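Given chain Y's structure and the hints, the job is docking chain V onto it.
2 protein chains.
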Amino acid sequence: MACDTVEAVEVTQLDVTLWQQGIRRIREAIGAEHVIDDSEEVAYRSRVIIPSARKPSAFLYPKTVAQIQEIVGIANELKLPLWPVSRGKNWGYGSATPCQDGALVMVLERLDRILEVNTEMAYAVVEPGVTYRQLHQHLLDQNIDLWLDCTDGPADASVTGNALERGIGETPYGDHFENICGLEVVLPNGRLMRTGGGPMEGYQSWNCHKWGVGPYLEGLFSQSNYGIVTKMGVWLMPKPEKFVSCLFELENEEDFPQLIDAMRRLQFNGAIRSKVHLINDFIMFAVVDKYPHHLLQGGKCLSRETQLQLRKEYNISSWTFAAGIYGSRDQVRAGMRLAKQELAPLGRLQFISDGKIKTIQQLTRWLQNLGKRSLGATPAKKIGWQLFKKPLSIMEFLPHVHAIEKGVPSDYFVKHAYYKNRRPKPEGKDIDPARDHCGLIWLGPIIPLNGRQVTEVLDMVRPLYEKYQFEFSTALMVANPRSVIALMSIFFDKQNPEETARAEQLYFEMGRVTQAAGYQQYRTSTAYMDRILEPAPEFRSLASQIKTALDPNNIMAPGKYGVGL
Amino acid sequence: MACDTVEAVEVTQLDVTLWQQGIRRIREAIGAEHVIDDSEEVAYRSRVIIPSARKPSAFLYPKTVAQIQEIVGIANELKLPLWPVSRGKNWGYGSATPCQDGALVMVLERLDRILEVNTEMAYAVVEPGVTYRQLHQHLLDQNIDLWLDCTDGPADASVTGNALERGIGETPYGDHFENICGLEVVLPNGRLMRTGGGPMEGYQSWNCHKWGVGPYLEGLFSQSNYGIVTKMGVWLMPKPEKFVSCLFELENEEDFPQLIDAMRRLQFNGAIRSKVHLINDFIMFAVVDKYPHHLLQGGKCLSRETQLQLRKEYNISSWTFAAGIYGSRDQVRAGMRLAKQELAPLGRLQFISDGKIKTIQQLTRWLQNLGKRSLGATPAKKIGWQLFKKPLSIMEFLPHVHAIEKGVPSDYFVKHAYYKNRRPKPEGKDIDPARDHCGLIWLGPIIPLNGRQVTEVLDMVRPLYEKYQFEFSTALMVANPRSVIALMSIFFDKQNPEETARAEQLYFEMGRVTQAAGYQQYRTSTAYMDRILEPAPEFRSLASQIKTALDPNNIMAPGKYGVGL
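Chains as they are written, first to last, in the working numbering: chain Y, 509 to 1073; chain V, 509 to 1073.
Just chain Y, with the same shape it has in the complex (with noise of 0.2 Å):
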């Protein structure tokens, strides 16, 4: 990337001078190696995994709510536009980068204070900076019986950013909206306000009742340009009694419907009440392995074939899904009885408990050091497929499921972007797919949790990925009783130019037709942004007078889903 094309880029978009001005007033306020500006480095760190991105002009790391306080006052007054990010992990969907070109990107990192855990009534109050590693170590380092609930997402991203951006997670707590309570947050004018309509301090139920008293205003400061969240109140998850996880693999690739269907009965009964993912077999194959270049045969894209020759030798199903099952030893077992009543006549249901994970994760570990040492790889291989029917990198991929429905964060799952890269996934925690040039780009239609509905979604948007060569990968997530997110995934080279550009263009088509047809997106990325309120003037009217009202000049991240364009 041309250093070039950023400094382009502030010209055209904003005034040299008063930028300049900017910058110099910020270093000042927040100490000059907190704010990047340097072009090579702003471009490094605006790197994203999706097709295309626009490019902000600067970084600033603020430490405290005054400095940020202050960074908003500087922007008003030069009108320049800021675009806040708590860790900038948003990978699918534009990670740190803004959707118009030329705002400082506000990096909320270095705001990393766990402020409270109160063990009584089950919440943490956190700074935007808290990732969930460190949430999840804080309770385990002071002995807390409670869960978090974390996305399969980077172990490293904000609980706050990913619960405003309404991220869903795994367990019962993963509607991650719902379970904040109590925002505070510096508003566009510079001025700090606290969600629930009482006192700044000593407000007893902050953190306890969502709704507060007077109009609940904190749906504002979601998926949206009016403010940035300083301080947030998120609800934890006593830790139940007995805890199972489960694995379903479906027989018969029609009963797709019947499947969704009985998900939904599952979740009204509250047999099931984790954030059930969903998983088709090219998510399975990302998630595990890496993708089979050498069977394209010429082609851009793996053929009918190749598919249903790889589900035998992975062993592995149409529709994989993993689920929690938590209460008492008699809720427990009364979950799982519902569940085997709805799911065994259409697959394979296994029960996971923790006893059988660690054996499961000891000789998956004996056969891979066996393979390493002395038997070699295919040998060991063999004995596994022996032992479980399974390939060890599917055996390798339960232990991690288990654990996310405990809330446990895991890097495991993020390294599914570099499916189609070229190096080989990484190991440990040093993941970065935007560092390392990774391809994927999501876009997740909320549909009505019955077999019909997701069925036609579903049908509408595979042709879509058969005209631009792509492999049809989507999980779906289900966000509650009644909805569902139909996280369609386009897997791309991002060093191929016209594979790219393929991929973006089947990203905008199938955003189009799914809209077109009446199903909106659950949160959308950057490069989506001007066109995802295009179907709801109405609303898209009120959220403008709203952001005329609070922020006149525009300088909170202007266009962000559509606002203030």
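Keep in mind that a hint or two might mislead.
Any copy, or any two copies together, can satisfy a pair, since identical chains are not distinguished.
[To be verified] Computed list of lysine to any residue pairs in SDA-like fashion (alpha-carbon distance at most 20 Å, straight line):
| hint | residue 1 | residue 2 |
| --- | --- | --- |
| 1 | K750 | K848 |
| 2 | K848 | K864 |
| 3 | K897 | T963 |
| 4 | K864 | P932 |
| 5 | K848 | D838 |
Honestly, the hints are just simulated from the structure, not real lab data.
These numbers were taken from a predicted model, which means no experiment stands behind them.
Below, chain V without anything else, positioned relative to chain Y:
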């Protein structure tokens, strides 16, 4: 009430010519018979059961969304304040009256269509005039296996009105605002919009996914004055395989904090997901009987000795609650076991099935009839006591409690507003506490659901009841596992001005004291609205900024919840 008062108000608050012009034009728009400005009739329709209220200048009854929009247009043009209510049955909080004199009350009772019941996805879409009774009857008539959640307030209250005021019902769906999904709103500028960021028509997930896309704006239309809701999606509960209710009576008053902590654990572990109302002795007396004026012994309120004597006579405890347990047979059994573990050490816990309720009902009726027809009341009561160890009035109460936990609206509980009224409680459905000069006002601070803080608040307000010589009457409504509303009731004789004034003094002092201690109210009366946001100037300022932007003429419920004063 002198008719002149109302006239006087109009003159001082509004420009008479504009007001007359407005009434004339609204008559043309919606039909003369749907505009009530006869001052006597206006005064009659403005009756309240709270100590004092503001006086509207007219009542308007539009039938359609277009008529509402027309009225809003006229109001904007002539700067006339509107006060929209759904049914106006907001009894303990001010009924249909506005919080400022002179407003034109717009009653939406004629928009009373149930637009859709989706049996698969378990929701209904209703207009604001639809009542609990009506929706319940509709589900019965259509043989739909869905249960609604109603409050223990009037069966003829609006489903929409209660949800927007954030009322709390009884079942797991009892957080009414939590269970709404999809609003259509007439904005103060007269334009129609729908929440959720999708198209106006054919938005597939409008009633299934609460947050939609873009900023979540539904909260703006709750406890506020930013618009008039004309359609609302409301989630309904699929009828569970098994249901039992349970009744608990605390043995030792000193164990009250332990009871609260047990309730929190039962809510967390899901054994009890219903919105339990823990009622103290005086609430129970008010529900099952009339105030024993003859026991006053010259004082203004009943003595501690009388209170204890009454507890013995009714054989009731200091605290009682009923709850529902829902699920499969196994799930209900698991819930019952957990409830027993937590509650049996603290008092008497009974589980009540539909069958048991039928028997109780039959026996009670049989004894009552026997008493009336042949045996005489006293011997019948004696037999009842032998059978149940409770007075018949308490046995009569049980079936209503059991039914309401299944979402069956009841007129039974509202009658407790007649507690201090000199006339007998009305029979059947002819219940109108406002018409009948009942006196009752509620103050509902939100408290974290733990024994320590609930005790703190009760200890804070109990001396105020003593100071103002009222019986301490409170129902603790569990809102979620982390919070409870202490609904303080002040029963007073509205026909006694001295007592009414004392009730008002107690009310405001209780509000002051609890707010000063950091306990905000979950909802407030029209009498308190100007003070409710005093502890939250920054919050109020944000709410006011939005108000000014959306409603520059301040025509929409000015002053509601302290906004647009």
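Verification of the hints:
1. With identical chains, the CA atoms of K750 and K848 are at most 20 Å apart both within one copy (18 Å) and between copies (19 Å).
2. Proximity of K848 to K864 under the C-alpha cut-off of 20 Å is restricted to the intra-copy arrangement: shortest distance 19 Å within a copy versus 32 Å between copies.
3. For the homomeric pair K897 and T963, neither the shortest alpha-carbon distance inside one copy (30 Å) nor that between copies (59 Å) is at most 20 Å.
4. Neither within a single protomer nor between protomers do K864 and P932 lie at most 20 Å apart by alpha-carbon distance, with minima of 30 Å and 67 Å respectively.
5. Taking the shortest Cα distances, K848 and D838 sit within 20 Å of each other both inside one copy (15 Å) and across copies (13 Å).
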